[in-house]
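Peer 1: This is what each chain is made of:
Protein chains: 2
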Amino acid sequence: MDDIALAEVTRGGRIESLHLGRIAVMDDSGRVVQAHGAIDKAVFPRSTVKALLALPLVETGAADRLGLSDAELALACASHGGEPRHAETAAAMLAKAGKTLTCLECGAHWPTYDKAAHALAASGAAPTALHNNCSGKHAGLICLAIDQSLDPAGYIDPGHEAQRQVTDALVMATSVPHNEANRGLDGCSMPTYAIPLSALATGFARFGTGRNFSSGHASAAARLRSAVASEPFMVAGSGRFDTTLMAHFGNRIFCKMGAEGVMVASLPELGLGIAIKTDDGANRAAEVALASLLLGFDEAGWSDSDRAVLTGLSHQVMKNWNGREVGTLRAAGKG
Amino acid sequence: MDDIALAEVTRGGRIESLHLGRIAVMDDSGRVVQAHGAIDKAVFPRSTVKALLALPLVETGAADRLGLSDAELALACASHGGEPRHAETAAAMLAKAGKTLTCLECGAHWPTYDKAAHALAASGAAPTALHNNCSGKHAGLICLAIDQSLDPAGYIDPGHEAQRQVTDALVMATSVPHNEANRGLDGCSMPTYAIPLSALATGFARFGTGRNFSSGHASAAARLRSAVASEPFMVAGSGRFDTTLMAHFGNRIFCKMGAEGVMVASLPELGLGIAIKTDDGANRAAEVALASLLLGFDEAGWSDSDRAVLTGLSHQVMKNWNGREVGTLRAAGKG
Numbered sequence: 028m029d030d031i032a033l034a035e036v037t038r039g040g041r042i043e044s045l046h047l048g049r050i051a052v053m054d055d056s057g058r059v060v061q062a063h064g065a066i067d068k069a070v071f072p073r074s075t076v077k078a079l080l081a082l083p084l085v086e087t088g089a090a091d092r093l094g095l096s097d098a099e100l101a102l103a104c105a106s107h108g109g110e111p112r113h114a115e116t117a118a119a120m121l122a123k124a125g126k127t128l129t130c131l132e133c134g135a136h137w138p139t140y141d142k143a144a145h146a147l148a149a150s151g152a153a154p155t156a157l158h159n160n161c162s163g164k165h166a167g168l169i170c171l172a173i174d175q176s177l178d179p180a181g182y183i184d185p186g187h188e189a190q191r192q193v194t195d196a197l198v199m200a201t202s203v204p205h206n207e208a209n210r211g212l213d214g215c216s217m218p219t220y221a222i223p224l225s226a227l228a229t230g231f232a233r234f235g236t237g238r239n240f241s242s243g244h245a246s247a248a249a250r251l252r253s254a255v256a257s258e259p260f261m262v263a264g265s266g267r268f269d270t271t272l273m274a275h276f277g278n279r280i281f282c283k284m285g286a287e288g289v290m291v292a293s294l295p296e297l298g299l300g301i302a303i304k305t306d307d308g309a310n311r312a313a314e315v316a317l318a319s320l321l322l323g324f325d326e327a328g329w330s331d332s333d334r335a336v337l338t339g340l341s342h343q344v345m346k347n348w349n350g351r352e353v354g355t356l357r358a359a360g361k362g
Numbered sequence: 028m029d030d031i032a033l034a035e036v037t038r039g040g041r042i043e044s045l046h047l048g049r050i051a052v053m054d055d056s057g058r059v060v061q062a063h064g065a066i067d068k069a070v071f072p073r074s075t076v077k078a079l080l081a082l083p084l085v086e087t088g089a090a091d092r093l094g095l096s097d098a099e100l101a102l103a104c105a106s107h108g109g110e111p112r113h114a115e116t117a118a119a120m121l122a123k124a125g126k127t128l129t130c131l132e133c134g135a136h137w138p139t140y141d142k143a144a145h146a147l148a149a150s151g152a153a154p155t156a157l158h159n160n161c162s163g164k165h166a167g168l169i170c171l172a173i174d175q176s177l178d179p180a181g182y183i184d185p186g187h188e189a190q191r192q193v194t195d196a197l198v199m200a201t202s203v204p205h206n207e208a209n210r211g212l213d214g215c216s217m218p219t220y221a222i223p224l225s226a227l228a229t230g231f232a233r234f235g236t237g238r239n240f241s242s243g244h245a246s247a248a249a250r251l252r253s254a255v256a257s258e259p260f261m262v263a264g265s266g267r268f269d270t271t272l273m274a275h276f277g278n279r280i281f282c283k284m285g286a287e288g289v290m291v292a293s294l295p296e297l298g299l300g301i302a303i304k305t306d307d308g309a310n311r312a313a314e315v316a317l318a319s320l321l322l323g324f325d326e327a328g329w330s331d332s333d334r335a336v337l338t339g340l341s342h343q344v345m346k347n348w349n350g351r352e353v354g355t356l357r358a359a360g361k362g
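Protein sequences, first through last, are from chains A and B.
Its first residue numbered 28, the first sequence is counted upward by one per residue in this note's numbering.
Its first residue numbered 28, the second sequence is counted upward by one per residue in this note's numbering.
You may find that some hints are simply not true.
Copies of the same chain look alike in the list, so a pair counts if it fits in one copy or across any two.
Claimed, not checked - No more than 30 Å apart at the CA atoms, straight line, and that leaves these computed lysine-lysine pairs for DSSO-like:
#	residue 1	residue 2
1	Lys68	Lys346
2	Lys123	Lys68
3	Lys346	Lys142
4	Lys346	Lys126
The hints are simulated quantities; they were obtained by calculation from the structure and are not laboratory data.
Could you put the whole structure together from the sequences, leaning on the hints where they help?
Peer 2: So this is what it looks like as structure tokens:
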């Protein structure tokens, strides 16, 4: 099936750029609810599955034994901007495991949120692995390992017991194999496994409803969704799509971006999971496509303020350095 | 004509993302030499035409009267990274016109080159309009206005005499109208005019050969190409594609990127101009597509070192924060 136009960038009343992609909307039994484009084609989920990777941390009881807070659980599901609260929260998670940032194997990079990067530079400090957008996920794996008295060293490698447990959670949620045949290496040095877009959407339908999960995984999913809904800043950060969407919708919508234009969402009340991949890898297009898709769910009974938030996210005015309007980033064909 | 696959991103041995686009290769008479995709469709050239906009600065004699150096002329053609030498050179251009950065109407933004942004923040300073990637172009227009005893205020507006002169240069080079019907607003608040990709390529064939230019414009083009070839750092900056390519090829290849995935090049010895637009606006794809296209010009008689540079730019290994190889960014179908 041909992929569809997801989003367009306009300037001077013309379409300047156009993003193609595919969208799968599935229920928790694996039934196709909406299919746009090649939804059976495999994609690397990248950071979209961080909340699934966090399931063992909660399900095993490690999170409770270590006393992890909502903010810390939300950070375990995050691709954060490296803002001070993000880095501090990652450090706090490690401290609860009796560890420090030297255990992190994600590598260091400057905060992706520019203001945080400039403030860090102005303070005379250099970025650490705590500022890596994946530091919460990595701290979560270290917590999982420590709780089981495992040596966390090498937790990023497929053969490590903690990594094996989080990979099992992916298999359970998506019902597709994760092994060396579909393995790629992610930016933070953890594996990422190529799976059909439809399977990714099914996994997030289940993450929303808990059905077709074990009871332990179902309650862990509910706990993680609740944590993320109460601490949406932790999942992304200032000005970011995921944070903006979940700050408004709370536990009605879970969403998560991933590098190279992947986006997932759970709609627990409707029992649906969504997965989007832009063909070209542009995240800006996946964001407006999700907002536009959500706007179309009449059965969700959106309020006027819900619609206002979704409309704002699916039709964004672009301004230049002088604050003058130059065009729009919007869902395709909705101009 | 359908657009073609220009570039692909791979991970774990799979294609993760794919960029479509179109390529026009034209000669200076406007003859089509290669057409891939919809080359007659209009695109906003964005920053690709900065060298054409600089023609009046040289052709009127303003550059000589003000004593502009090669580095300063190259900066007039630049989308620079805001590195210290870039900002200093923009300030020097303004000083030669008896002006300061308060005349710049491009707006301020942090250097796009991260290391320069972090160093600026660490110094306790804030970015100014000198760090705007377009500050050289703007300083050039101010120099042009001052040399003609014009008040530079409002030089960014279509009705300003200096702006009218640079727009005339675009019309002359591309042989297509530039007026309110095809006008958009660029990031730096100057107009950008949508023109066929083929016309953009023709303009850069002429920029390379000087044929079908007035004699004044032809010598101005030669002067600008020479300036850029001798100061390629000024056109972009550290680690940037344009700088890397021209630092190796000197005056054999002129190239210039523009926002939203536009790329142009001149091959003076072959009498050819090239224009590329990625459908989705990704600059990474336009870069590898140009390098791959150039590699295919057997008539250019590339040396082994020429081929090594082009191969490196058209097939780039991507590494993660730990320096581990995760995939490639490469010309499509060349894997």
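Peer 1: Let me make sure I understand: some of the numbered hints might not hold for this structure. Which ones are they, in numerical order?
Peer 2: Hint 2 alone not satisfied by this model.
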